[in-house]
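*Asks:* Listed here are the chains, written in short residue letters.
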Amino acid sequence: MLPATAAALAVLAALLAWPVPAWLGRARWPRRDPLVALICWQAIGLAGGLSIVGALLVHGLAPWGHSLPEAGWAVLTGRSADDPVRGDHWVALTLAAVLTAELLGVLALSWVRTARTRRRHRDLLELVVQPSPAAPDARLLEHPAPVAFCIPGARPLLVLSSGMVAELDDDQLAAVVAHERAHLAEHHHLYLLPFVAWEAALPVLPAAARAHAAVRELVEMRADDRALAGLGGPDPRRTLAQAIVVAAGGAGGGVPEGALAVAGSAVGARVVRLVTPPPPLPATARALALACAGLLLLVPTALLLLPAL
Amino acid sequence: MASLGDLERTVMDRLWAADGPVAAAGLRDALADRGLALTTVHTVLSRLEAKGFVEHDDARPRRFRPTATREQHAAELMHEVLGRSGDRQAVLARFVGGVDPEEARLLRQLLEETAPDPR
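Protein chains in written order, with this note's numbering: chain A, 1 to 309; chain B, 1 to 119.
Keep in mind that the hints were calculated from the coordinates and are not lab data.
Here a beta-carbon is modelled for each residue, glycine too, at the ideal position from N, C-alpha and C.
Treat the hints loosely; a few may be bogus.
[Claimed, not checked] Sample of chain B residues facing chain A (criterion: CB under 8 Å; computed from the structure):
no., residue
1, Gly-5
2, Leu-7
3, Glu-8
4, Ala-74
5, Leu-82
6, Leu-107
7, Leu-111
[Stated by the list, open to error] If you anchor each label on the Cβ, the simulated ranges turn out as follows:
no., chain 1, residue 1, chain 2, residue 2, range
8, B, Ala-59, A, Ala-209, 46 to 56 Å
9, B, Glu-71, A, Pro-280, 40 to 50 Å
10, B, Asp-6, A, His-187, 22 to 32 Å
11, A, Ala-287, B, Asp-6, 17 to 27 Å
12, A, Arg-119, B, Pro-101, 30 to 40 Å
13, A, Pro-19, B, Glu-55, 49 to 59 Å
14, A, Pro-69, B, Ala-50, 40 to 50 Å
Using the sequences and the hints, build the whole thing.
*Replies:* See below:
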């Protein structure tokens, strides 16, 4: 019997499913250090999945042994259970299998689908626009709306619309390009992928949508920070903020209605953060946040591997 | 030796410039300055067909034409970039999404208020 371990994992899963993401989503400190906050979000997602599946497994396998490795080994080698196996054990095991399959399946599906769409976009772009000799990975697309984006992957592409080039001066354009290159250099699409997938997998969990929105905003802020580090000019923060405001305002006409207000507040937060920068997170706070992220992963792992309480 | 991507673009440019469907031999002749073998032209055309950019008719020899104009392809791409389907947010990283006119005005105002003294 492993009741205490399963209960502890279930409590942890419940905390990670709602109060913890809600707290981190509301906290003010993430915008002071987006990278540390992004690491915390990844830890929350991973630890949440680990503890809910773990809780179900530990309960379901309880009749076979006193620790998860022992019980798992007993099942794999076909040893019969020490204690009688009840219906709730089978229900827990089935739920664990379904949940694992759903989480990993949706992630894989999302990966395949985005890879396919990216390939099609890249094919289209390579056909429709000439590579610019100055920057081989950049393309100029003829379109009046000021738009810039990058397609991540093995052969990344950076795309600027002619509208964007027309509306921005050289410094602002350099800031936009640096921002997009930061996304590519740090593989931000990989940070986002699990949250996109799990929002699709768990539409009943409001925390999944909240986590996805928070991670998206943090990834943009992180790319802003990284772009600033490489920019010259008298006031790079202001240059980047101006580029954001021009691009956000000018693109409005071409964007369908709906969902815009949500994205809008994130744009505003980016601009405010650039023109009135918050103080950077103190080293001790950084270390504390990273330690919490590490602990979040360590606790469910230890509960799963150590002998039952 | 030009890359396949480069050749595909050149062939598409020819097809877009042509008045109607073109046979592979016609493309080879139009691109004589590149000295392409007919098999190379066919390879490029079948790649383009697999990607859905080119279709052929039933004439003998088969003649090829683009499935859409360059402008239509560009418009389709932009439509997806500017749209908001859930998966697309993972597909590409856009510099900034659009905001409504009111928020755009507020943000411009914020920039003006925080502008350094021009002295």
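*Asks:* So the hint says 17 to 27 Å: do the beta-carbon atoms of A/Ala-287 and B/Asp-6 match that?
*Replies:* violated (51 Å)
*Asks:* Does the beta carbon distance between A/Pro-69 and B/Ala-50 stay inside 40 to 50 Å, or does it fall outside?
*Replies:* holds (49 Å)
*Asks:* So, B/Leu-7 near chain A? Judge it on the closest CB pair being under 8 Å.
*Replies:* Result: violated, 11 Å to nearest chain A Cβ.
*Asks:* Return holds or violated for the Cβ distance of A/Pro-19 and B/Glu-55 against the range 49 to 59 Å.
*Replies:* Once the Cβ atoms are compared, 56 Å apart, the range 49 to 59 Å for B/Glu-55 and A/Pro-19 holds.
*Asks:* When you take the CB atoms of B/Ala-59 and A/Ala-209, is the distance between them in 46 to 56 Å?
*Replies:* Given about 54 Å between the Cβ atoms, the range holds.
*Asks:* Could you see if the CB distance from B/Glu-71 to A/Pro-280 stays within 40 to 50 Å?
*Replies:* holds (47 Å)
*Asks:* At a threshold of 8 Å, is the proposed contact between B/Gly-5 and chain A supported by beta-carbon distances?
*Replies:* Constraint on B/Gly-5 satisfied, holds at 5 Å.
*Asks:* Taking 8 Å as the limit, does the beta-carbon of B/Leu-82 come near enough to a beta-carbon in chain A?
*Replies:* At 5 Å from the nearest chain A Cβ, B/Leu-82 passes the 8 Å test, so the hint holds.
*Asks:* When you take the CB atoms of B/Asp-6 and A/His-187, is the distance between them in 22 to 32 Å?
*Replies:* Given a distance of about 28 Å, which is inside 22 to 32 Å, the answer is holds.
*Asks:* Checking hints one by one. Is B/Ala-74 an interface residue toward chain A, by the C-beta closer than 8 Å rule?
*Replies:* Result: holds, 5 Å to nearest chain A Cβ.
*Asks:* Holds or violated: is the Cβ of B/Leu-107 closer than 8 Å to a Cβ in chain A?
*Replies:* holds (5 Å)
*Asks:* Honestly, do A/Arg-119 and B/Pro-101 meet the 30 to 40 Å range at C-beta?
*Replies:* Because 36 Å falls inside the window, the suggested range holds.
Of the numbered hints listed earlier, those contradicted by the structure are 2, 11.
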